[in-house]
Amino acid sequence: MPRSPRRPAGRYRPRPSTRASPPCGRPTTKGTPCRLRATETGACRYHATPAERERVAELHRERRDALARRDAQLVQTVKIIMMGILSLVVAAIAWSIWRAWQHDAIEAACKAPRSQRAAAVKEADLEKIPVIGDPISSPWPGNEYIPKSNATDKWILIAYNQRRKYLGEASEVILQHQACFNWSDRSQAQQVLDTPETVAWVDMPSGTGCADGWPSSSIGKQGACSHHGGVVHDIYAVLHF
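Okay, so the sequence shown: first residue is 45 according to the working numbering, each after it adds one.
Heads up, some of the hints might be wrong.
The calculated DSS-like cross-link candidates involving lysine-lysine, where the alpha carbons are at most 25 Å apart (straight line), are [to be verified]:
#, residue 1, residue 2
1, Lys209, Lys198
2, Lys166, Lys123
3, Lys155, Lys209
4, Lys198, Lys166
5, Lys166, Lys155
FYI, nobody ran anything at the bench for these hints, they're computed from the structure. Please read all numbers here as calculations on a predicted model, not as lab measurements.
Using the sequences and the hints, build the whole thing.
So, in structure tokens, the structure goes:
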């Protein structure tokens, strides 16, 4: 009879053997071999000796203890994992609370310096310097040029000195409390402190203030150039330090 083809490996799950245990085989009272199925002792339940039964019982106890130890180790591992997760959660919550407290503390400590800086900048913004080459106007917003028809060299000199004074005070507050301000504010503050504190003299525009070159006695009154093409715009004084 031809053999059936063997199943390829990996296509099925091997099943446990269902073959019955062999018979006991030990002699009965009649002298015939026992036909009862043998147990783990090697004999049936009637013909097994006390020593064989004790050996099997000891084997069962060892298996039970091994399973108990495995279960206890598994429980311990789960406890360790859960404690680790709980520790991470507690650490994250504590870190968040600490960060919030630190932020509130910084905000409370920085309230006064920021108010001082804002007040000094506000005072500086009231001083308008009518020159394009103002080296301290660019870091701070709100600078508007005064019309050149109203400009005088004395006014420009005083305006620059006052503006530099107030911006210098704001910059010193920033650099003394660097934790309260960002990198951009600190950089601008250092830039302000690097500028000269006073102006030596102011070079005013020439008297030629009309579009066609007509000389004007003022820096640019519109009426003086009404018949000469209007006033030439964007001509400002030059500061000399």
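Right, here's what the structure says about each hint:
1. Lys209 x Lys198: 17 Å, holds
2. Lys166 x Lys123: Violated - the C-alpha atoms of Lys123 and Lys166 are around 62 Å apart, more than 25 Å.
3. Lys155 x Lys209: 22 Å, holds
4. Lys198 x Lys166: Holds, at about 22 Å.
5. Lys166 x Lys155: Judged against 25 Å, a Cα distance of about 16 Å means the pair holds.
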